[in-house]
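> What follows is the residue order along each chain.
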Amino acid sequence: MTAAAWPRPALSGRILHVDRGTGALDDLGATDLPALFGPGDLLVVNDAATLPASIVGTVGEAVVEVRFTGPIDEGQAVLFGAGSWRDDTDVRPPPPALRKGDVIAVDGGALVVADVDRAHPRLVRLEVPAGIVWSAGRPIQYRYLARDVGLDEVQTPYASRPWAAEMPSAGRPLTARVIAAIRDRGGRVMSITHAAGLSATGDPALDALLPFPERTEVPQETWDAVTEAERVVAVGTSVVRALESAARGVRSGPTTLRIGPDTPLLAVDALLTNVHAPGEPHWQLLRAVASEALLRRAHRCAVARGYLAHEFGDHFLIT
Amino acid sequence: MGLGRALMVRLAADGWAVAGVARGAEALARAVAEVVRGGGVATAIPGDVGRADDAARIAGEAAARVGPIDLVIHAASTLGPVPLRPLLETETRELAEVLETNLMGPFRLTRLLVGPMVLRGRGTVVFASSDAAVEPYATWGAYGVSKAALDHLARIWAREVPEVRFLAIDPTDMDTAMHAAAVPDADRAALARPEVIAEAMVSMLHADSGSRLVVRP
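These protein sequences, in sequence, are chains F and Y. Start counting the first sequence at 0; every next residue gets the next number (numbering that gives the first Met the number 0). Start counting the second sequence at 0; every next residue gets the next number (numbering that gives the first Met the number 0).
If you are wondering where the hints come from, they were derived from the structure by calculation, not from laboratory data. Just so it is clear, CB atoms sit at the ideal spot from N, CA and C, and this is done for glycine as well. Treat the hints with care, since some could be wrong.
Claimed, not checked - Ranges of calculated distance between the beta carbons of each label pair, as one might list FRET restraints:
1. F:A145 <-> Y:I155: 51 to 57 Å
2. F:W5 <-> Y:R121: 33 to 39 Å
3. Y:G38 <-> F:R230: 44 to 50 Å
Looking at chain Y on its own, in the form it has when it is part of the complex (with noise of 0.2 Å):
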């Protein structure tokens, strides 16, 4: 969780009272301390977005702690079986078990938030995209194909919902440990620290809806 963690402390800095969610319960209590630690609000609903039953809870334990919801950002990711393999490589089952992380899970959880949203008038869903979702790199099949839905999730999203401000992120390389699992043999010290990432993604978050935003960071 290194973009969500860097997101978590970047937005309770701004003044969000913030809900984590991670599969990791360690690693999410250890970013909600670091928020508290802060001055800020934060509270960790362990949970898994790729797991269907998980979405009434997540969304409900979210809303009873911190208020409704005005912004959602889908940071969590699966890059599939690493190391990365070509389509002739990867099982059925594999490419569905992406999918339902970085696509179906987003999609449960935004039905579920954007319908109080439309009816504040207000808020805002953020998809975390990816260059794989417009280049189709060799190897990065599954990840990509499930990236480049997102996209148009958000785009169409964004048509039927005026409400709601939709938009797709790229947050660019950085330094996680998701990157460290694409790219073993990457130069860490050339990557973007998460944190810088987080602040220039939160930057984005008024542009206008249905847009797809790149990071410079």
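Isolated chain F, as found in the complex (with noise of 0.2 Å):
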């Protein structure tokens, strides 16, 4: 599958309407969105801000690159060696081995080394002097565009309290005046909070591990719209996880709920996502929303049509 090439305009992306009731696939515009809403419908996305996530410094000789898992003060980070986004993140050589207390300079600072883990020496929790990030850090990377991107094109337009490693990017076609349309026609939409995390980091054991704990927060006032709703559309993977997990007990603090095809959705009926292919770290969560069999013929489906895959790619809406 086609990945898009460069930031897209928000509105300019397809969507394939996914009908788990009628195993229909229809060929859809972001425009077309709020005429699939209505009275009962709630829409729930991830405010989170993208961080400046990655931050290139050197330990003597030696080339790091540190990719944020989630917000600062949580100091975790996956650390990849010399290179830049434009390698396979499969190519590049390992960082040098680091233990507590090395020290990566970077730009206006030092990132002090304060735990390595015992299994997975690349991921490690680092002390960030405050502020750090927005100086010596950009956003992460994508190697399928054809350029690099800026902080401000790796947002959503509600964008609020920077706690993402990588853009909840499912949200880009819920601009202001698409949510106004949703709302015109009686549909809700409401926030949560969630610290999306990386989407891969180059090393099959650590993805294997993905998604790590991630912090979340589910206000009481959508929680409580998420009661009172017919339909509940989670927009974005990150969505689920922060609803699901909040079904079960956790509204606010590290979730490590795992979602997969035997995961029961108490909280979500339908979901807008990306495009996602058979394989992906997200495919295992999507077979929690629809079977296997609907979800291929899905994937079948897009590519035929010449959907464009990743963030700022194409989606699915499976209802």
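With the hints in hand, could you dock these two chains into one complex?
In structure tokens, the structure reads:
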């Protein structure tokens, strides 16, 4: 599947409406979204802003890229070796082996290694001087893009607290005007904040652990609306994790919930998400929403119709 | 940051958690300490709204520290070069610098903060205006033009984004360093204290969106 090669305008995306009831696959544009919703519908978005979560520094002579996995005060990061976002993460050299107390020199300061994971030495916890990501950091970059992206290009239209390592991109089509149009038709749109983490680490052993525990916050007014709604539409996989965690008692704090084919959905009825392919980390989560057979049919249809994948690509709406 | 400090103290006393933004880190730290001594919640975000690179950090740090932002007061402004001078003696670059701080800065920050306000269906954005936005005072060209544009920006935001209240408030003359720079020979004793102005501004926060209000201390 082809990826979008540049950050496309928010409303240029296509939406494949996957109807679980009838099995129908309908080709829609982002501007068609409001017409699909009405009274009783609640769309829940993740309002986490995207951090400049990548900082390149040095340890002695060695170059290391630090990618924070969530809110900077948690200090958790995955280390990458020399090279740039243009290199496949699988072929980049490993980062230098670091130990507790080692110092990573970065622009304007230093990151001190506070802890190294025993099983996965690229997974570390760092002491981070306040505010340094804003001067030394830049957004995590994507190899499939033709150029690098700026911080303003990896934000949703309603981005608020900077908790996300990577953009909760399923909500890109929900501009203020689209939100107003959904509300005009009687639908509701509300938010949670969820620290969407890294989409990949370049290390199969670490990838198998994704998603890591992520900080989540489901406000009371959003949870009340979830319990009142006839149909809850999660906008993005991070919202599925947040709402299903809330339904299991975790409304605030880190969630360790992992969602797969056997996870019953207690809060979420439908999902607007990026186009995903079998084998991607998010595919397992999608299988909690729809059957493998239907998802594969949707994926084949998306490929045949030239849908674009990844952060700036097109969408599935599974209802 | 005469008006900014007074607004921080007033809003914190009313129970707001306040993120103060100013170029002068020391004066800002003193303002935060004053709020905290009074039992309020405040945090310091040193930064320059006139710098494009600062906007994402200011908006992000503010939301991260005090939670989703419900109220923004754009109180930072610059007069440009002082003593004030006629347009014929104003460099294009000097006008651009005034617009950067007084117009582009508030626009940039508002764009970042209004999106989440739309989503939550509430929020208030206040732009500090001036009588120089209405009256074409000689020698106040750069500043007056920036404030006239800011007034109109508030009105257009109000038309376009009904979920959020946008106000332009003229705080009127008060005893601040900015006033002293503009009118060095003013009788300071006759000027209103920033605390009095801040209280009046805060009492106006429920006015109709799109209004332009003038403080009557």
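> Within 33 to 39 Å: is that where the Cβ-Cβ distance between W5 (chain F) and R121 (chain Y) falls?
holds, 35 Å
> Using the beta carbons of A145 (chain F) and I155 (chain Y), state whether their distance is inside 51 to 57 Å or not.
violated, 35 Å
> Within 44 to 50 Å: is that where the Cβ-Cβ distance between G38 (chain Y) and R230 (chain F) falls?
holds, 45 Å
Checked against the numbered hints listed earlier, the structure breaks hint 1 alone; every other hint is satisfied.
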